[in-house]
Amino acid sequence: MQPLRIMLLMAKTGGGHGAVADAVAQALEHVYGEAVEASVVDGLRSFAPFPFSHIDSTYPWQVKLGGDGYGAAWRALNDAGRARLLMKSTWPLVRSATLKIVEQPVDAIVSVHPLFVFPCLWAMHRTGRRLPFITMVSDLVAVHALWCNPETDCLLAPTDISRLQAIDHGIPAEKIQVTGLPIRLQFAEPNQPRPAARAQLGLLPQQRTVLLMGGGDGMGNLGELARTVGFAGLDLQLLVVAGRNKKLEHQLKEIDWPAPTHIYGFTQDIPALMNAADVLISKAGPTTVAEALARELPTILSGFIPSQEEENVTYMVNAGAGVLAEQPDQIIATLKAWLEDADTLAQMSAAARAAAYPRAAFDAAEAIYRVTRDTPLIIQKPRREPLLAALERFLAA
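Per the numbering used here, residue 1 is the first one in the sequence shown, and the count goes up by one each step.
Just so you know, nobody snuck in bad clues.
Below, simulated SDA-like cross-link-like pairs (lysine to any residue); rule was C-alpha separation at most 20 Å, straight line:
id: 1; residue 1: K246; residue 2: D269
id: 2; residue 1: K336; residue 2: F231
id: 3; residue 1: K336; residue 2: Q237
Honestly, the hints are just simulated from the structure, not real lab data.
Based on the provided sequences and hints, a complete structural model is requested.
In structure tokens:
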């Protein structure tokens, strides 16, 4: 029997979309084995014409701009009508590429990026080949209108708040399932005692441990934060993940740190590092927040992308699992208070556990498999573009 071929469409505008797609693909293969063939495809780099193919390379630059330019644009387009209009305006430029996507030899498409939702569904109408289509929202709380084409067969929402936002943007409630935000499968495994986790990583087993991250790309003022924490005179050992930021990784490794400090580049050992830490300091990226909750890790949120990640902060603060502290002196004061108060850390860890979805990848995989299996491929007469249809009517007359 031929396996179900499921294509997960993502783009590297930030690390979260790819991380979610990878987690779901791994869960599909873990649960269903040879019955599923899951492929993660970068829809921009693989199919989009230039310059759309390289939008991902401008993303860090966009979010690093001063002020609230990115957030203002995000809010302006977060309306069902305006989002649809934006997609319509770019449709002539991306049509041929999107038609190639929906003509791939697959049995279902899962969009893990909002830019593909409207174009793919429109392209299937044009070709007459209507595949099962699942929308996997890869933001933790905020659901932008670009995610929300009501014609999707299923929308997988990370939280109950996300579900309500998707309904507000026009997705029928019966098409929505809350799965949590898919994260690496290791996060579904039981947490080790922190001293044992530290020992396995070659760290001081009994030393309070702080993990500092800036996402997969080492974004934000990570270098400044590392120096602030490392030279604050606190009794701790510091783990700093510079991600793909090779320059920063090299600079940090050259520093003579007064406290035991370990510098990592891009690593797949985040589950182990989080398991070893007592406190996380990071920007409020959706994947990082979801992983911290799964590891029951009290978190100091050092910043966020305006609008897109603001609700991640609210979600974690309301859960009692973290606080927002954007200034270095606030971070040090919070960190000092937490490290000296075991009861506070224990209470925040329990709150994180209550808000976590450690098996989200498995729940999302099961929903995707069910929709793919139960939604038949529909072949119908292709929809003609208005200009082509008019020309055909003229010739027929």
